[in-house]
Amino acid sequence: MDFALFLLANLTLFVRPGEIIPALEGVPIYNYLMLATLATVLPRVINHFRPEQLAREPITACVLCLVPAVALSHLSHFDTWSARTGVVTFARSVTYYLVLISVVRSTWRLRFFLYSVACFTAMNAVIAILHYYGIIDIPSIRVAQERMIDPATGDPYMIPRLCATGIFGDPNDLSMITVAGILICVLGTEDTKLGIFRIAWTIPLALFFATLLLTKSRGGLLAFVAAGMLLSYLRFGIRKTAIVGALCLPLLAMFAGGRQADLSGGLKGGTGEARIELWSDGLTEMKRSPVFGIGFNNYNDAVGQVAHNSFVHTFVELGIVGGALFLGTFWFAAISFWKLRQRIKQEGRLTTTAAFRRLHPYLATILCGFAVSMFSLSRAYVEPVYLGLGVANVYFLNASRRGIPTQVKFSSRRLGELLAGSLAFLVFIYLFIKVNIR
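When the letters of the sequence shown are read in order and numbered with this note's numbering, they come out as residues 441 to 878.
Hints are computed from structural coordinates only; laboratory data are not their basis. These figures come from a predicted structure and were not determined experimentally. Fair warning: there could be bad hints in the mix.
To be verified - Heads up, simulated DSS-like pairs for lysine-lysine below, C-alpha to C-alpha not over 30 Å straight-line:
| no. | residue 1 | residue 2 |
| --- | --- | --- |
| 1 | LYS779 | LYS874 |
| 2 | LYS785 | LYS680 |
| 3 | LYS727 | LYS874 |
| 4 | LYS779 | LYS680 |
| 5 | LYS727 | LYS785 |
| 6 | LYS633 | LYS785 |
| 7 | LYS779 | LYS633 |
| 8 | LYS633 | LYS680 |
As the list claims (entries may be wrong) - For each label pair, taking beta carbons as the anchor points, the in silico distance ranges come out as:
| no. | residue 1 | residue 2 | range |
| --- | --- | --- | --- |
| 9 | ARG783 | ALA495 | 15 to 21 Å |
| 10 | VAL527 | ASN740 | 14 to 20 Å |
| 11 | ILE643 | ARG532 | 29 to 35 Å |
| 12 | ILE599 | ASN487 | 47 to 53 Å |
| 13 | THR724 | ILE599 | 28 to 34 Å |
| 14 | TYR573 | LEU692 | 19 to 25 Å |
| 15 | TYR870 | PHE637 | 50 to 56 Å |
| 16 | ARG638 | LEU692 | 34 to 40 Å |
| 17 | LYS727 | ARG853 | 25 to 31 Å |
| 18 | LYS874 | ALA476 | 49 to 55 Å |
| 19 | ILE460 | GLU717 | 44 to 50 Å |
The beta carbon of each residue, even a glycine, is placed where N, CA and C say it ideally should be.
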């Protein structure tokens, strides 16, 4: 019951019925389904709040600590109203994360959930592409238009960029979940339990490649390349990955072409340079309140636009405290995946199934794709990010149940490492800004 409700909630999150069917406009279907799911698994959700459990779940600890960080970002400026509204807004994503790790408790459910996410993403992509080509008309979907300059003539021209419904109404948002969909489809083609039917995953795989190209997102293409290279490394090693990269990357750049493949142009006078300037303005604002930040959702008001970098965005809005916690979710996940890989190689084959081990490289690369996408998106507070973090934590919990001890624990030592890593990240961003903006 809980799993079925959660899948329905995700369906309405990805494919917004209210944006497609006018009669359902304004009906909070997703909220109802999520609350119903929460009610069925509430005891399990509460279990994740126990101190000894949080010590074994550093990702969950960081996610939960982000809630008071959101409140403190406003309370430090004596803004109690914004503190209340900010916590309520962010609590939606935290609830999604907690319900996910409480419902998806087995390898079978994890596989089924991933395949469902790919199917929901494919449904959204089909609707978006049909609207893009004028076959159907969905009023809530817009085709983003970006102004470009022809380098040969100097004349301006517009390029259309694919968008979808709801939280994927931006090309970069859509490309982020599309990269995850590509990886899930590749996983599906290797799932021997599906037998001959696994070949069917090539259909949404082709759809997702088309979707990624139609978004014309540089960040999405970079996320795809990073995730693909990591997957190749985890599966085949560094030597084969280097050979494949040398052969495939030029072909990919040629095939994508135009705006999407013009990474250097994006940094010199393009959107990339404008975004780096936004990072610079954000860090300047952060000096006013370095510990707790300028306030949740205040970046746009202070700078004029969002940062287009989720890590910079959280450091500026939530300060060192909140920024480190958000960075920590990916930091702890990355360390856990690496350490778990070593343990599976050494002794995990005796206690884990082939299906469980097969998931490891794909979940690691899905999270890698999300992390790289975060450098071109300000989406630190929305559900898709916590979907990626949630499935990673589910995998680690499943490993513990299969006799592989928790690889990374939430401790004072780990917090010290996280703080040092956060300061190093800010120094890196500062130097990157100085090099690219003169």
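Here's how the hints hold up against the structure:
{"no.": "1", "hint": "LYS779 to LYS874", "result": "violated (35 Å)"}
{"no.": "2", "hint": "LYS785 to LYS680", "result": "holds (20 Å)"}
{"no.": "3", "hint": "LYS727 to LYS874", "result": "holds (17 Å)"}
{"no.": "4", "hint": "LYS779 to LYS680", "result": "holds (22 Å)"}
{"no.": "5", "hint": "LYS727 to LYS785", "result": "violated (46 Å)"}
{"no.": "6", "hint": "LYS633 to LYS785", "result": "holds (22 Å)"}
{"no.": "7", "hint": "LYS779 to LYS633", "result": "holds (27 Å)"}
{"no.": "8", "hint": "LYS633 to LYS680", "result": "holds (27 Å)"}
{"no.": "9", "hint": "ARG783 to ALA495: 15 to 21 Å", "result": "holds (19 Å)"}
{"no.": "10", "hint": "VAL527 to ASN740: 14 to 20 Å", "result": "holds (19 Å)"}
{"no.": "11", "hint": "ILE643 to ARG532: 29 to 35 Å", "result": "holds (33 Å)"}
{"no.": "12", "hint": "ILE599 to ASN487: 47 to 53 Å", "result": "holds (50 Å)"}
{"no.": "13", "hint": "THR724 to ILE599: 28 to 34 Å", "result": "holds (32 Å)"}
{"no.": "14", "hint": "TYR573 to LEU692: 19 to 25 Å", "result": "holds (24 Å)"}
{"no.": "15", "hint": "TYR870 to PHE637: 50 to 56 Å", "result": "holds (52 Å)"}
{"no.": "16", "hint": "ARG638 to LEU692: 34 to 40 Å", "result": "violated (25 Å)"}
{"no.": "17", "hint": "LYS727 to ARG853: 25 to 31 Å", "result": "holds (29 Å)"}
{"no.": "18", "hint": "LYS874 to ALA476: 49 to 55 Å", "result": "holds (51 Å)"}
{"no.": "19", "hint": "ILE460 to GLU717: 44 to 50 Å", "result": "violated (38 Å)"}
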